Amino acid sequence: MTTATTGAATPTGAVGTAHTRVEGRDKVTGAARYAGEIPFAGLAHGWLVLSTVARGRVLSVGTGPVLGMPGVLTVLHHGNAPRLTTDYVGMLGVPPDPTAAVFQNDRVPHAGWPVALVVAETPEQAREAAEALVVTYEQEPHDIAFSGTRPDTYPADGHMPALTEKGDVEAELAASAHVVDEEYTTPEEHHGMMEPHAASARWDGGRLEVVDSNQGTTWVADEIVRMFSLDASAVRVRSEHVGGGFGSKGLRAHQVSAVMAATVLQRPVRVVLTRRQMFSLTGYRSPTTQRIRLGADPGGRLRALDHRSLNQTSTVWEFVEPGAGVARIMYDADAHRTENRVVRLDVPSPTWMRAPGEAPGSFAVEAALDELAEKCGIDPIELRLRNEPERGPVSGLPFAGRNLAACFREGARRFGWADRDPRPGVRREGRWLLGTGTAAASFPAGALPSTAAVTAEPDGTFTVRIAAADIGTGARTALTLVAADALRVPTERVRVRIGDSDFGPAGIAGGSMGTRSWAWAVTAAAGELRERLVPGGTVPPEGITVRSDTTAALGALTQRERHSYGAQFAEAAVDVTTGEVRVRRMLGIFAAGRIVNPLTARSQLVGGMTWGISMALHEEAVRDGASGGLYGGDLAGYHVASHADVPAIEADWVDDPDPDDPVGIKGIGEVGIVGAAAAVANAVWHATGVRHRSLPIRPDRVLRAGEPRV
Amino acid sequence: MREFDYRRADDVSGAVALLGADPDARYLGGGTNLVDLMKTGVERPARLVDVRTLPLDRIEPAGDGGLRVGATVTNSDLAAHPGIRHRYPALTQAVLAGASGQLRNMATVGGNLLQRTRCGYFTDVTKPCNKRAPGSGCPAVQGEHHNHAVLGASEHCVAVHPSDMGVALTAFDAVVSYESADGPGELPLADFYLPVGDTPHRETALPPGALITGVTLPPAPVAARSRYRKVRERASYAFAIGSVAAALDVSGGVVRDVRLAFGAVASRPWRAGIAERVLTGAPATAEYFAAAADAELAAARPLPDNGYKVTLMRNLVVAVLSELAEEAAR
Chain A
1 MTTATTGAAT PTGAVGTAHT RVEGRDKVTG AARYAGEIPF AGLAHGWLVL STVARGRVLS
61 VGTGPVLGMP GVLTVLHHGN APRLTTDYVG MLGVPPDPTA AVFQNDRVPH AGWPVALVVA
121 ETPEQAREAA EALVVTYEQE PHDIAFSGTR PDTYPADGHM PALTEKGDVE AELAASAHVV
181 DEEYTTPEEH HGMMEPHAAS ARWDGGRLEV VDSNQGTTWV ADEIVRMFSL DASAVRVRSE
241 HVGGGFGSKG LRAHQVSAVM AATVLQRPVR VVLTRRQMFS LTGYRSPTTQ RIRLGADPGG
301 RLRALDHRSL NQTSTVWEFV EPGAGVARIM YDADAHRTEN RVVRLDVPSP TWMRAPGEAP
361 GSFAVEAALD ELAEKCGIDP IELRLRNEPE RGPVSGLPFA GRNLAACFRE GARRFGWADR
421 DPRPGVRREG RWLLGTGTAA ASFPAGALPS TAAVTAEPDG TFTVRIAAAD IGTGARTALT
481 LVAADALRVP TERVRVRIGD SDFGPAGIAG GSMGTRSWAW AVTAAAGELR ERLVPGGTVP
541 PEGITVRSDT TAALGALTQR ERHSYGAQFA EAAVDVTTGE VRVRRMLGIF AAGRIVNPLT
601 ARSQLVGGMT WGISMALHEE AVRDGASGGL YGGDLAGYHV ASHADVPAIE ADWVDDPDPD
661 DPVGIKGIGE VGIVGAAAAV ANAVWHATGV RHRSLPIRPD RVLRAGEPRV
Chain B
1001 MREFDYRRAD DVSGAVALLG ADPDARYLGG GTNLVDLMKT GVERPARLVD VRTLPLDRIE
1061 PAGDGGLRVG ATVTNSDLAA HPGIRHRYPA LTQAVLAGAS GQLRNMATVG GNLLQRTRCG
1121 YFTDVTKPCN KRAPGSGCPA VQGEHHNHAV LGASEHCVAV HPSDMGVALT AFDAVVSYES
1181 ADGPGELPLA DFYLPVGDTP HRETALPPGA LITGVTLPPA PVAARSRYRK VRERASYAFA
1241 IGSVAAALDV SGGVVRDVRL AFGAVASRPW RAGIAERVLT GAPATAEYFA AAADAELAAA
1301 RPLPDNGYKV TLMRNLVVAV LSELAEEAAR
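Chains as they are written, first to last, in my numbering: chain A, 1 to 710; chain B, 1001 to 1330.
Chain B on its own, in the form it takes in the complex (with noise of 0.2 Å):
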């Protein structure tokens, strides 16, 4: 493998400093998905910057019930603070349906955001693939694409977004707070993946050098029964082939809020907006629910081979929500 430069920054504007403008050049977190890439030589950086002992390992209260959590805190921090157990328990459940326990002791926040696709043809450096290589080709239209994208993917490129994390925030109306050479940002999760297009290689609207430096959490009290569901080709350790984040608010029988996002369907968390405005001052039964994500996978355009996700998200939606629906009537 190619030799790389190595440094480890002191502090946030440091690590940017360090980075600077070199496009060879990595921020370094956990390393569980950029040392596989490195391996395999799809990511070949001149440098890394280490971020990981940066001091972004807090999660702390954001006003009115939100919580800020620093970039640099693991998957398994995140996953037992009691904060999000207890307010955001979707996101616990999704982070513990992710990787295994040694790599969540790793996997930093800010990094599970910027992880790259699965795809087998993105990950196989003698493959062509327009994620990797633009202008090269997407295989896995006409090749193996069972695992791929069924909402908003274009020609250009099938693949899905892996994160089960990002689901249950995205679904939480999280925003992600950056550091770049021109000071300080935000982006809403929802406006941070940018459509596929005919731009697959370009996949945040991070500015170029930016450091992830936290995730705020608003508040959200339908969070707090929440549930997140995922759906995967072995019992652990597999990415998911479908998942639900969901959180409902039922009041009399009627849907006073709810939350819907999906994982494993786009080439994004996708935020099922309109499931959830279907839903909103709806009777909370089952045909609701399963109008909900019928009106939400209208868009779905699947392929010869994940047509099968249609039928699954539509399924699980029903089985997440009805399962929320019986616990308020508790």
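Just chain A, with the same shape it has in the complex (with noise of 0.2 Å):
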């Protein structure tokens, strides 16, 4: 026994203090062990073989010779995989997707879908042996063609209502002094996370295991519960170290192959996704293909709003990619109307991408936002400023903070916009076209019901369990800091534990919720125990233990419109005759709650300005109309930008409290994204006078925009 020495009477301050990853040292001596490198005694290794068609159905899967190959063990496929269940809806109230609940029946909705998992001693044995299977098809035509005018879209809520309208649009738009009509296109994209998505399960004493890569383990072991309606008790979901997620990493068809594979075999299986794979097994970001039309009256006041977005899923799960929700949080009008549409088509299916409809939905609003501007003469933030809300443009609901003209000035102050002349294509340096563009960003601050247990030990430490996920973004340290706070004590006394469903239920990294929703537990379990512990007292052999659930908490929470912001600023050059675009400089600023290691968070955001450079000149996956599947899908062929197309990127913050939050914290994940594209293609008009609406800004479209001859 010792005593605990809890209760000094001032708080350490960790948080708001820059501190390196705890477990920093790990992850750069190779230490730390990722899913996939995980030893397990007796392991098999299985592979899964995609379907080369892009619809049809399997006729025949020739299993024989392969079974014959040196060191196969069996061959998984819709005619002998165990039955699975699928009509549930899972944690995060969708249905699952049926890409993971692979061989259940014959028939190939897309390009790449998994038609059978072949199982061997080795890896390499595996390969080759699923290389060497043949599997026939009856082929159907398929049909991939994306595009705006085709009659068979249809209104689709997924996580929001599909259409929200107030007001005339029509006689708005007639009566507005300036009016943009525009269409604007976001192409394919890919999370192309570095971790390969890898799991390996295994019975072990009527318990099934799962060493996983993943954004949430309770999550994806409540969906093998339910999957292969076993007992809640009876499955346990680890996943210690997680190299990049971006809301690609839920249940997929590596870890459910797995577990039957090890189920059948009675023995561990492990599988890991090839990058090709992950190219039509993981997800994606949806096409988008969106129609903003802006109506203003001569001040630059909006009349009417109306943003149509349209994105793309598969034909066996539905998936809305809600790029006209940006409205309804930022800018509001006499009419307003935004409404999200899907179709479906024989493609995989989408899914959450970094800022699922911010990020598409921000480049449309953002660049007709400058659009506008440029038609009423107005500098782009003030007519932002003079657009601000007083309340929820749809919910009429008061915001809890929004701080987004702070960010404006703080970067208007810092970028040296005053000195801009508005004027397009005028500044030149050598070969290279100068220009200036920004725009607004925004993300919601959710919460996800979370638990977590702290227990103080007898030699004065204290352990933090709770079932997070640090998918890279410094999440285990950011909980250090919030632990060593609430129970004011050094953050070296404090081990959190995290990726492990056996901690019992908490929210999943994604959506910006992650730190929110676990430090709301965390401090609300070390408060309690620190109530607990009496100054000088001792604590018992087993330690002290105090649990605590936020599910009530986060029901009690007042409605509020609770959003982070942020302003973004872009500095292009334009080689007209080439298409070249370079991004010269960046800076953001953002107003995000509480900060709580401010050197992961500036981390987070200048990743995502990064991605938003990304998406505005490299990203696009490019569908081959013949087979249905990608052309060049891997990272040779799906460019992300290198580091030679990342200049000097600053990212700072405002002061944002919320003296009503419980917590405070409102989560950096995904607003660094927002907006970042179109502050660079704004840039990219300012520089050469020609917009462009489809992204990416890729050499040969600014060529062909152009048509400049020397």
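Some hints could be false.
Stretch by stretch, here's where chain A covers chain B in the computed footprint (C-beta under 8 Å, at least three residues) [what the hints assert, rightly or not]:
| hint | segment |
| --- | --- |
| 1 | 1110–1124 |
| 2 | 1143–1152 |
| 3 | 1233–1243 |
| 4 | 1312–1325 |
Computed spacing ranges between beta-carbons, pair by pair [stated by the list, open to error]:
| hint | chain 1 | residue 1 | chain 2 | residue 2 | range |
| --- | --- | --- | --- | --- | --- |
| 5 | A | G16 | B | V1125 | 48 to 56 Å |
| 6 | B | G1101 | A | G167 | 52 to 60 Å |
| 7 | A | G71 | B | A1046 | 18 to 26 Å |
| 8 | A | D26 | B | P1304 | 48 to 56 Å |
| 9 | B | A1017 | A | A32 | 44 to 52 Å |
| 10 | A | P389 | B | Q1102 | 48 to 56 Å |
| 11 | A | H643 | B | A1046 | 33 to 41 Å |
| 12 | A | E429 | B | G1101 | 26 to 34 Å |
Rather than coming from a laboratory, the hints here were simulated on the basis of the structure.
Since the model is a prediction, treat every value here as computed from it, not as a measurement.
The C-beta atom is built at its ideal place from N, Cα and C for all residues, glycine as well.
Hints are included, so try docking the two chains, each in its own frame, into the full complex.
Okay, structure coming up:
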């Protein structure tokens, strides 16, 4: 027994002070193990076989010759795989994507659909056998043509109502002094996180254990429980370190096929996806076609706002990329209409990808506002400030802090916006035309119910257990700081354990909700524990543990529009004779509540802004009409920004307190990318005088748009 | 992936003997392209003959100011060689414009010339490709082709050669040396790559089983004032969508000698001989540079989505030659 030494009167002030990652040394020395490299005794290896046709059904799977190949243990396919339960709604309020519920029937709904799993003693044997497996198909004509003119689109809700409408848009447009009516498009984009999806499954003493790389262990465990009809207590999912997720690391074909094989073979089985398999099995951001109509009075005040966003989804799962949701928060108008529509095609299922809805939606809205500013002859920042709403434009709810104007003021000061000549195409430096652009950003500050346990150990340290996920964000470190402050002890005395579904239910690392949700639960448990520890008292050998559950507290939260905000600035250089575009500098100023760890927060925001450059200039998955599959679906063909494309990027924040909020943390995972692509596109217009309404702004598009001849 | 036999050759004749007449055997240089192709199943060799440690890693004088570059010289060493940097600066620039530092440390000169196209149909074994599977068709003509060929292609294949280095070598009349079972031989780079025609799977004029032993750069005083300019879809680590290697000798405002080659427009590095002939003896002005580019590009047959390359190449020629002329005038 040891003396408990909490209760010091002064808070440690860990939150708000830069702190390197607590697991940083493990990561840079290779001591941190990722899902695909954790050793298991007797491990077998599965290799997925994907369809080569885009629509049809499987006629035969030629298992005979493959089963005779060296090391091959089994071949799972729709003819012999265990049956799964799929008619449920999971923790996130949606049914499972059938792409994950593998081998349940002979239908092939898109190219790259999983049709078999070959399991062998080594990954090389499994791969060779998988490549040798002959699968025959009855092929049907496929339709992958995404366009805004299709007759078969329909309004779809997803996580928000498909349609919001007030006032008479046509009448207000007709009465407006200035009108913008344009179509904006964004391409199919992929997550491309560094660590591929990988899972190992084994049965041990009647319990199923899955070692995985995911964005929420209780989420994935819950899906496996339901899909395999198991007792909740019979499944444990662990995910210690995760090399990026961005929305793609939920339940996928690799975990399900690994569990199937482990069950059939009664030995541990690992399935790792290849980079190319990730391009059809793990979701992506749908392309969007967005039509925006803005009408304004001579002073730039919006009279009409109409935003219609269309995305594609698969024939087996409905996913809405809600681009039209942006204006429901950001801009009001006398007549205000927003609508999200989808069309079902013979393509893989899209999914959440960093700032779903906001990333493509803000490109369209913020580019259209830039066009409106030009027409009105008003500075783009001033136009936005004149249209700052008092209340939620659709909800009518008050804002719980809306510090967008402060972001613009601070950003404009630091970027040197006041000196900007609004005329496009007039600044030249050698072969480069120069321009600057700006855009606003926002992202919801939500939270998910979570539980945490905090234990006072006899040695004077504290252990926090929570099924949080650190997908590279620094969540483990952030929670260490939060716990230290709540316990009023130095961070060295706090150990945070995460990534284990046995720790009890917790929200996911997604929707920028992770830190807010988990910090809430950790603060609650740690605060109560501190009160229970008597200064000078003793701690029994098993420690003293306090558990928390934020479900009730979340339910009691006052209804408000809660969001983070940001102002994005970019300077671009364009050579219109070659089509090359280079971003020269970027600045983002954000209002994102209480910043827990400035070091990793800045990384998150700069990372988002970097992705914005990539979205503006590089990223585009091209679908091949003839095959229905991707053209160049790997990281050689799918370009992300290289280091040389990324200039000095500055991210900083303004004070953004919310005294009414019990945690004050808003989340920063996504707001960094929002508006970034629009700021770059607006800068390209300012440089050249040409509007690029289709991303990415590739050299050939710049050349075609300008048709410049020397 | 398929299991394969790996052998390391001790000398050139031994390497050629190890490869023999086996169509399923491949020489392994830096492996920066071949190993990728093996991972994706495009190449499934039964045997690899590693030639990387052969004594072909020297850059030596080749008479009258020329240089002979061994086949296993790495891209990094080639780019850094003082003789290359001073006498053929466009070659250094071209090499440094390609790949990444790590890849250039591995990639060899011989392998660079033999690297395969990065056409996304060629690199994906689930799709047709006449180059990879003769007779299966070329989906690029009707499909994705915004980075495909505008010169010298055929309906059977519109893929482009990916090399930057090869473009500069082509401009400087480099000659490829090789060793085959029948002994040594030479091929000017101009004749090294075969026309596409209806046999896009046959890429070079090398005899079967031949091993590239080196590349000779003939003396070319004009090359001392040369430049390589590459346009790509990101600032680094991407293949060209159009590139130009150019050398210019101007005297009294008149072009005395000019070398011009294009990258990423054809199945091979494209020597712009027509443009060179138009320019030789002509005034060194932007108007004549443009006219020369137009003359060369008159043969362009763009597809619906790659016509921008004609504009791009014209603009690049004018920009690069104008820069060289301006420097000469200083």
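Results of checking the hints against the structure:
1. Under the rule that three or more residues need a Cβ within less than 8 Å of chain A, the assignment of the segment 1110–1124 of chain B holds, with 5 such residues.
2. Counting residues of the segment 1143–1152 of chain B whose CB lies closer than 8 Å to any CB of chain A gives 3, so the stated coverage by that chain holds, three being the minimum.
3. Using a Cβ-Cβ cut-off of 8 Å, 8 residues of the segment 1233–1243 of chain B lie near chain A, which meets the minimum of three, so the contact claim holds.
4. For the segment 1312–1325 of chain B, the stated coverage by chain A is satisfied: 6 residues place a CB nearer than 8 Å to a CB of that chain, which reaches the threshold of 3.
5. At about 54 Å, the CB distance of A:G16 to B:V1125 agrees with the hint of 48 to 56 Å.
6. For B:G1101 and A:G167, the Cβ-Cβ distance of about 58 Å falls inside the hinted range of 52 to 60 Å, so the restraint holds.
7. For A:G71 and B:A1046, the hinted distance range of 18 to 26 Å is satisfied, since their beta carbons lie about 20 Å from each other.
8. The hinted range of 48 to 56 Å is satisfied by A:D26 and B:P1304, whose Cβ atoms lie roughly 52 Å apart.
9. For the pair B:A1017 and A:A32, the beta carbons lie near 48 Å from each other, so the given range of 44 to 52 Å is met.
10. Checked against the hint of 48 to 56 Å, the C-beta distance between A:P389 and B:Q1102 comes to roughly 51 Å, which is consistent with it.
11. The hinted range of 33 to 41 Å is satisfied by A:H643 and B:A1046, whose Cβ atoms lie roughly 39 Å apart.
12. The given range of 26 to 34 Å is respected by A:E429 and B:G1101, whose C-beta atoms sit roughly 28 Å from each other.
Checked against the numbered hints above, the structure violates none of them.
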